[in-house]
Amino acid sequence: MEMRKIRLCSMIFLIVLIIACLNIPRVRFLIVSGEEERVKAVFQASADTYIDQEDPDNNYGSSEYLKVRSLASKNARTYVFFNLSTIPPGASVLSAKLSLYLSKPPASERTYLCYRLNSAWDEASLTWNGKPGSSSTFAASSTVSATPGWVVWDVKEQVQKFLNGIDEHAWINFGWEMFDGS
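Heads up, the sequence shown is in the working numbering, so the first residue is 3 and it goes up one at a time.
No lab work stands behind these hints: they were computed from the structure. Any given hint could be a false lead.
[What the hints assert, rightly or not] The following label-pair restraints were derived from C-beta to C-beta distances: (1) SER87 / ALA109: 36 to 46 angstroms; (2) ASN60 / ASN166: 30 to 40 angstroms; (3) PRO90 / SER110: 42 to 52 angstroms; (4) SER121 / ALA148: 26 to 36 angstroms; (5) ASN131 / TRP152: 23 to 33 angstroms; (6) ALA148 / PRO90: 38 to 48 angstroms.
Every residue gets a Cβ at the ideal spot worked out from N, C-alpha and C, and that includes glycine.
Generate the whole structure from the sequences, applying the supplied hints.
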């Protein structure tokens, strides 16, 4: 990931996982409590970008900003992916939050939706006209006020299913799409 994104200039995505693991020695930074071991992990996005309906063939993968916007024919959506492969098999997720820092809030309260993605995408080539499919139901929603601050989505269920792998719902981790659902 580029340094400008690590510096968290405009918006930051991180996911915080608190994982309960039973006797898994490969997990780092363990806090032992009885029979259960707990670990808190913070992941920065492995890939993030936005797409803009107003400029449907442009790629914004190198932009230092991410956008969510809802205007007639001028919508913008944000895409984010976290590599969770360092979490050991069999881990139980106690909490998982996807957080975004909103530096330029909307004029009035809005609801931002977070959908899980159904197919792979590439930060360097994603455009509005080439956007991947998202699931038919949202993963989480968050109410955004007219003041700057953190927007947080609870994605515990989705992260647990990502870790469990493919099931009847084909829960493969392709990341999330965020957009204005108001």
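Here's how the hints hold up against the structure:
no. : hint                                : verdict
1   : SER87 / ALA109: 36 to 46 angstroms  : holds (40 angstroms)
2   : ASN60 / ASN166: 30 to 40 angstroms  : holds (36 angstroms)
3   : PRO90 / SER110: 42 to 52 angstroms  : holds (44 angstroms)
4   : SER121 / ALA148: 26 to 36 angstroms : holds (34 angstroms)
5   : ASN131 / TRP152: 23 to 33 angstroms : holds (31 angstroms)
6   : ALA148 / PRO90: 38 to 48 angstroms  : holds (42 angstroms)
The structure agrees with every numbered hint stated previously.
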